[in-house]
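Enquirer: Whenever a hint applies, use it, and build me the whole structure from the sequences.
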Amino acid sequence: AQKITQTQPGMFVQEKEAVTLDCTYDTSDPSYGLFWYKQPSSGEMIFLIYQGSYDQQNATEGRYSLNFQKARKSANLVISASQLGDSAMYFCAMREALNQAGTALIFGKGTTLSVSS
Amino acid sequence: DTAVSQTPKYLVTQMGNDKSIKCEQNLGHDTMYWYKQDSKKFLKIMFSYNNKELIINETVPNRFSPKSPDKAHLNLHINSLELGDSAVYFCASSQDRRTGINEKLFFGSGTQLSVL
Numbered sequence: 003a004q005k006i007t008q009t010q011p012g013m014f015v016q017e018k019e020a021v022t023l024d025c026t027y028d029t030s031d032p033s034y035g036l037f038w039y040k041q042p043s044s045g046e047m048i049f050l051i052y053q054g055s056y057d058q059q060n061a062t063e064g065r066y067s068l069n070f071q072k073a074r075k076s077a078n079l080v081i082s083a084s085q086l087g088d089s090a091m092y093f094c095a096m097r098e099a100l101n102q103a104g105t106a107l108i109f110g111k112g113t114t115l116s117v118s119s
Numbered sequence: 265d266t267a268v269s270q271t272p273k274y275l276v277t278q279m280g281n282d283k284s285i286k287c288e289q290n291l292g293h294d295t296m297y298w299y300k301q302d303s304k305k306f307l308k309i310m311f312s313y314n315n316k317e318l319i320i321n322e323t324v325p326n327r328f329s330p331k332s333p334d335k336a337h338l339n340l341h342i343n344s345l346e347l348g349d350s351a352v353y354f355c356a357s358s359q360d361r362r363t364g365i366n367e368k369l370f371f372g373s374g375t376q377l378s379v380l
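Residue numbers (our numbering), protein chains in the order written: chain V, 3 to 119; chain G, 265 to 380.
Quick caveat, the hints were computed from the structure, so don't treat them as lab data.
From the three backbone atoms N, C-alpha and C, an ideal C-beta is built for every residue, glycine too.
Careful, some of the hints might be misleading.
[To be verified] Okay, the calculated beta carbon distance ranges per label pair:
#, chain 1, residue 1, chain 2, residue 2, range
1, V, S116, G, Q376, 21 to 29 Å
2, G, E317, V, S118, 42 to 50 Å
3, V, K5, G, G348, 18 to 26 Å
[As the list claims (entries may be wrong)] Quick list of in silico lysine-lysine cross-link-like pairs, DSBU-like style, CA-CA up to 35 Å:
#, chain 1, residue 1, chain 2, residue 2
4, V, K72, G, K368
5, V, K5, G, K316
6, G, K304, V, K111
Expert: See below:
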């Protein structure tokens with residue numbers, strides 16, 4: 003079963019506008035962490051923002067914020083004032099225990115964001 | 265000073281060959297990973313090592329053999345390469361293997377493997 007679902011294969015936004023990238027997750031663990039990464043066309047994976055399941059407030063990092071709705075199991079990334087450099091693939095991920103010994107980040111399929119001038 | 269470095273960046277080889285990808289991290293982390301990103305950009309965990317011990321093996325074919333000589337290095341050796349092995353392979357590291365749900369991954373820049 004898919005643990006992380008990103009339903010938007012592609013999103014288009016004009017410069018300076020805000021955009022929301024959707025992410026829903028599935029877990030029965032009460033303690034979990036959610037992450038967003040950016041992958042520009044150059045290929046590197048860049049960490050953007052983290053939200054813990056017990057965090058009282060939604061995470062923010064500069065122009066990035068996370069709209070965390072625990073009951074709906076959603077962790078949408080909001081990018082305010084989009085810039086051309088925001089054009090990239092965005093991945094939502096959740097840390098999951100794969101066995102008793104270790105955990106890893108499990109990624110969604112990603113959303114391609116295109117910002118136009 | 266690159267935190268997680270992997271070499272080579274590009275690897276082009278023929279089917280049936282054996283190849284290796286090397287990874288080193290200078291962050292002092294205990295845990296290292298190999299991820300595979302396929303042509304559709306889907307990222308999938310392959311292996312994880314914690315302080316030289318294999319802790320995650322996600323049903324990867326036996327042709328793939330990770331090796332960790334010390335906690336700062338994790339190499340990936342692939343035998344008898346197949347067309348389907350063509351992908352981008354990412355090395356990553358994190359501070360702790362299990363206890364920190366907030367443990368983000370630090371990624372290397374990836375190795376683009378093309379099997380002809």
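Enquirer: Would you mind marking each hint as holding or not holding in the structure?
Expert: Each hint tested on the structure:
no., hint, in the structure
1, V:S116 to G:Q376: 21 to 29 Å, "23 Å, holds"
2, G:E317 to V:S118: 42 to 50 Å, "48 Å, holds"
3, V:K5 to G:G348: 18 to 26 Å, "24 Å, holds"
4, V:K72 to G:K368, "20 Å, holds"
5, V:K5 to G:K316, "28 Å, holds"
6, G:K304 to V:K111, "8 Å, holds"
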